[in-house]
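*Asks:* Chains as they are written, first to last, in our numbering: chain X, 1 to 371; chain R, 1 to 184; chain U, 1 to 163; chain H, 1 to 182; chain L, 1 to 355.
By construction, these hints were calculated from the structure, which means they are not laboratory data. A couple of the hints might just be wrong.
[Said to hold, decoys possible] Subject to a maximum C-alpha distance of 27 Å in a straight line, what follows is the list of computed DSS-like cross-link-like pairs (lysine-lysine):
#: 1; chain 1: X; residue 1: 85; chain 2: H; residue 2: 97
#: 2; chain 1: X; residue 1: 301; chain 2: H; residue 2: 118
#: 3; chain 1: H; residue 1: 24; chain 2: X; residue 2: 301
#: 4; chain 1: X; residue 1: 348; chain 2: L; residue 2: 142
#: 5; chain 1: L; residue 1: 336; chain 2: X; residue 2: 194
#: 6; chain 1: X; residue 1: 85; chain 2: H; residue 2: 99
#: 7; chain 1: X; residue 1: 250; chain 2: R; residue 2: 6
#: 8; chain 1: H; residue 1: 103; chain 2: X; residue 2: 85
#: 9; chain 1: H; residue 1: 24; chain 2: H; residue 2: 13
#: 10; chain 1: R; residue 1: 6; chain 2: X; residue 2: 173
#: 11; chain 1: X; residue 1: 36; chain 2: H; residue 2: 118
#: 12; chain 1: X; residue 1: 180; chain 2: R; residue 2: 24
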Amino acid sequence: MALKTEHMVLNMGPQHPSTHGVLRLELEIEGELVNKVTPHLGYLHRCFEKHAEAMQYNQVVPYTDRLDYLASIGNNFGYALAVEKLMGIQVPERVEYIRVIMAELQRIASHLVAIGSNGADIGALTPFLYLFRDREHILSIIEETCGARMLYNYIWIGGLSHDIHPDFVRKTKEFVNYFKPTIVELDNLLSFNKIFIERTANIGILPVDTAINFGASGPTLRGSGIKFDLRRDDPYSIYDRFDFEIPVGKGLMGTVGDCWDRYNVRIREMEQSLRIIEQAVDNIPEGDVQSAIPKRIKPPKGTVYKRVENPRGELGYFIISDGTVNPFRVKVRAPSFVNLEVLGELCKGNLVADIIAILGSIDIVLGEVDR
Amino acid sequence: MNQYFKNTWLGIYTVLVGMKITFKHLFTPAVTIQYPEVKLKLPERERNRLYVNMDDCIGCDQCSRACPVNCIEIETVKSITGEDLGTTSNGKKKALWVTKFNIDFAKCCYCQLCVFPCPTDCIYMTDVFEFSEYDRNNLVYKFATLTEEEASEKKLNFEKFTAEKEAQKAEAAAKQKDEQKPAS
Amino acid sequence: MGLLDKEFSDGNIVIAKVDDLFNWARLSSVWQLGFGLACCAIEMMATSMSHYDFDRFGVIPRNTPRQADAIIISGTVTLKMALRIKRLYEQMPDPKYIISMGSCANCGGPYWEHGYHVLKGIDRVIPVDVYVPGCPPRPEALLEGLLKLQEKIRNESLRKKSA
Amino acid sequence: MKSAEEIFDILKKKFGDAVLSLDKDTPVEQIISIDPLKINLISKYLRENPELQFDSLMCLSGVDDANGIKVKDAEGNEIIEGGTLSVYYNLHSVSLKHKITLKVSTPRNDPQIESLEKIWKSANWHEREAFDLIGIKFLNHPDLRRILMPYDWDEFTEEISRHPLRKDYKNPEFYQGMKVPY
Amino acid sequence: MYQYFYDLTGNTIIATLIVAVFPLVNVLLVALIGVYLERKVSAWIQDRIGPNRTGPLGLFQTVADFLKMLQKEDATSTEIDSKLYNIAPVLVFTGSFAAYAAIPFSSKLIGSEADVGIFYVLAISSLVVGGILMAGWASNNKYSMLGAMRSAAQIISYEIPTAIIVLSIVMFTGTLSLDKISDMQTASFWNWNIFGGAELGLTKFLMIPFMFIGFLIIFISTLAEVNRTPFDIPEAESELVAGYFTEYCGMKWAMFMLSEYGNMFAVSAIVSILFFGGYHSPIGYLGNSIGVEWLIPFEQAFWFLAKGWFFILVQMWLRWTLPRLRVDQLMSLCWKYLIPYAFVNLIIIGIISLL
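Build out the structure end to end from the sequences listed, making use of the hints.
*Replies:* Below you can see the structure in the form of structure tokens.
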């Protein structure tokens, strides 16, 4: 006869070192075993959508920065593409190239934080610091061009806020050369460390059909072994011109779709981003980056849904225009928001320590979850 | 059983590999920038505290309208005929007294949207970022060069001027009426 | 203040020296509550990383409020979060300090006008010692804010406690 | 790959009146309007039909159409009466790679839409968000609570400040003793 | 040592005091320097500088931390079990400090030359578990509770491989006294137990690989006993906030830290006594060669401290390299790997020493 036991409710967050911000998880635990996870959001709900309704179209760009603050360029990119699609603007080649390079640099920077904090959650602090050190290189490259370290307000509707800095191409190439060996070092230090593998392999397995049904995207979806990348499957900007692979989870250390696969997909994606940058950085055509910026941004009546592949997944902007200078409604389909929903499914029957590993491997940014 | 020994070996081996890497880093020089003593040279496009060159400001209010945050407050008073406000450095004639030009840096989001529309390039971003304060009110920067007395004087002047003008207008209108009356 | 709960009515040389010593101890080991809110949290993390190295100033993150001396409010405080921050603040032992980092924590920042769910300045809930402007502030700016805080602590005295 | 017209024809044939119209006027996106209380049946069909296979719900956006009449209430606040609230569904098929946008409209004074949580799990939080910010009730939703705003928001605020993304929303003065406006 | 100082001073009280104070000073110094070194080592590994603004090279950083903690308010929750809550840090500290009584710093500097030295150390360090459990329970905090439970399970499990390896050394040397074990490894590093002990012959060479395995096992398991990474799950920062001392602040928390660093040194000392010759110099004594007899105990103390610090540094190095294990993996590492290996090792060492 089983003893009657009571479940303990453990509140993780909003202030907790590894909830990546102000997420609150309500864990129902039995000893260390987790029976149920209920995420509570909204501790960083900053009313983006209300602000967007009160702003003019170009004034929304600084606010999009603050959604996914680790990948601001990607946010700007998606928003600019959406409004451009609504207005039918064709941007110059040079702008396209710079946008792609910037977005890929930002993708690397964002993955660095994601990988690092995933490692730090599991207890390896040193790789985290190494990765932040490398991220600093990317920030300084972007900073030289647009003047800010994190929130760039760089990609505008129809163009860019600044042309690239004269040193940009040289520094980017230097960075690519610098960064390749550090990926190898990271692999040796963390990815193939036995303890790290033990902690992440076979943990939080996400089957493909569940992932799709939950709308997961980005590395979370690709970690489950499906080749789906918007850069390839719904090409935007000029991504169809570049040659790159889509890394997917293969179950190298355990089962397909476990934490290690999601982690590994991010590292391999950084390598692919380097490839794209290498291809693009030599071919930037001449031109004026601000020539296509409309004097007055007043899109016609209509709706548009534009999605881009942000580091965390599919970032979609659903914009309704009523023909005035202010958007009528801007809804953000934030990848973290949707990916986080999987957490409840993944965590059942795992230990408390695994929750941290799983949450780290999903890689959420609370600014985007709560908007 | 094989797996058992393989695990043991992998455990020890990967730990040693990791230790080798960190050992190498023990002797790599630090990348730290020792802030108060060493300061990085910031790039020229650096976006930090705004500065307004009031000599060039014509009080057109464009920056304030471009600001997504509404952190720029501008109040202007029209100049009266006869007053010479001078010209800006790119030759624009000033026509407004700027009595208030406040930027609240506690609200500012440093997006640079206010810089682009300025017709005289008098508002721009500098690389000054060290301006922490003990009191939040000190973060409201007042750029207007006119003192409060001067500002109120200008306001009064303008009111007087408009009043005079109104009076003149009224007089002229009355005159016109007077002139029109006999004609009809 | 633990051992030193008695207030001293008027100063003398000994107290002044003890003051200096204790102020020095407090200002050289400001342990922050490891706790990030929003965008600024990333810059706060960058400050503790290799490039800027918070540890040089003796600042290390402690995860529990019981062992922390300072909170760096790094980002937008929402109404939902404000009550939790207040509770964290109350759990910290005296003497405790608050650095408000970034526009959002200072007064709501970009969200001050239409932010229906944003607290317009953390000083509406807990007292703030230093305001660091910026959106987000550069890591150097945060360090400068910390230096300002150290300056403030240096001028404190046993006779008149500020916390 | 199927275009919006083809999908519309398939749906019209199958469901008749529940599928209202195909909106072709908008510049970039074509929208199929659907009856709010039949959306779950149609969605199920969309997902399970081998020709369509819409296996993923990309986005679900609640919108306040603000097409009613603006009136002043007793306290002088401008509120909107009548009109509709809408929900847009952006669907996508990972396997067939086609997209479609659905729209349902529901009266503002009693907004009710069938929940899609059973069909696409991702609808769960999106619907909670629409309930939270716009105030649309999703029928048969397993856990229809606020998601972004505080759970006790209703206790501290008046009727007009319940759902912040409605166009006639007015900020409350205080929440739990904290002043809300600047 | 007591006898030595009694002869020197002729007063029991003074002799007792001196004997008691020396390890205490050592523990305090270990904590002071240890915390500083920890921060510096982590900084160097992470390409940083570490504390450098408090005093020259930041040397006074820990002093400042300590002075600051003195000033902190003793903030507690109202729901605590205040008796247990207050006793816990003292108990933990006592446990780790009491172990020093039997540790020989040099041939003269030894608190008690008990014949059951190593047995005593193993026994008394288990007292820490009680303190930790008390702390976890009394704090009335779920994180503390989880941390305390983890800690109890961990320390008790890892005592088994430690004890087995100690047993094999005891079997090999034939004594429980730490002083005697050290004394057997005198003269040269070639005589250390890790190199098969002092007796030359075939057994010595057969012994070397198994002694090495023994050393690895005891190093790993003592690492786990003092809750250092990769076995720091009781205070796992990213999971349990701060583990069993989540609710402690100010000086009470400092007691925990003090005992943690005291423990670190204690286990390093045990490892160096069992395998690395204890206080004996690897290269012979300066005092012997120049004929100054009184210099030898000081040299011995130096070598002992040097060995202890070396292992502390290795512990730090490991800490800043490795991620942490999960609680069940920690257990399986202990029961499925360390204990079988230790047992086989014990049997083989037994057979070899019979040869």
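*Asks:* Please name the hints from earlier in the document that this structure breaks, with their numbers sorted from lowest to highest.
*Replies:* The structure conflicts with hints 2, 10, although it agrees with all the remaining ones.
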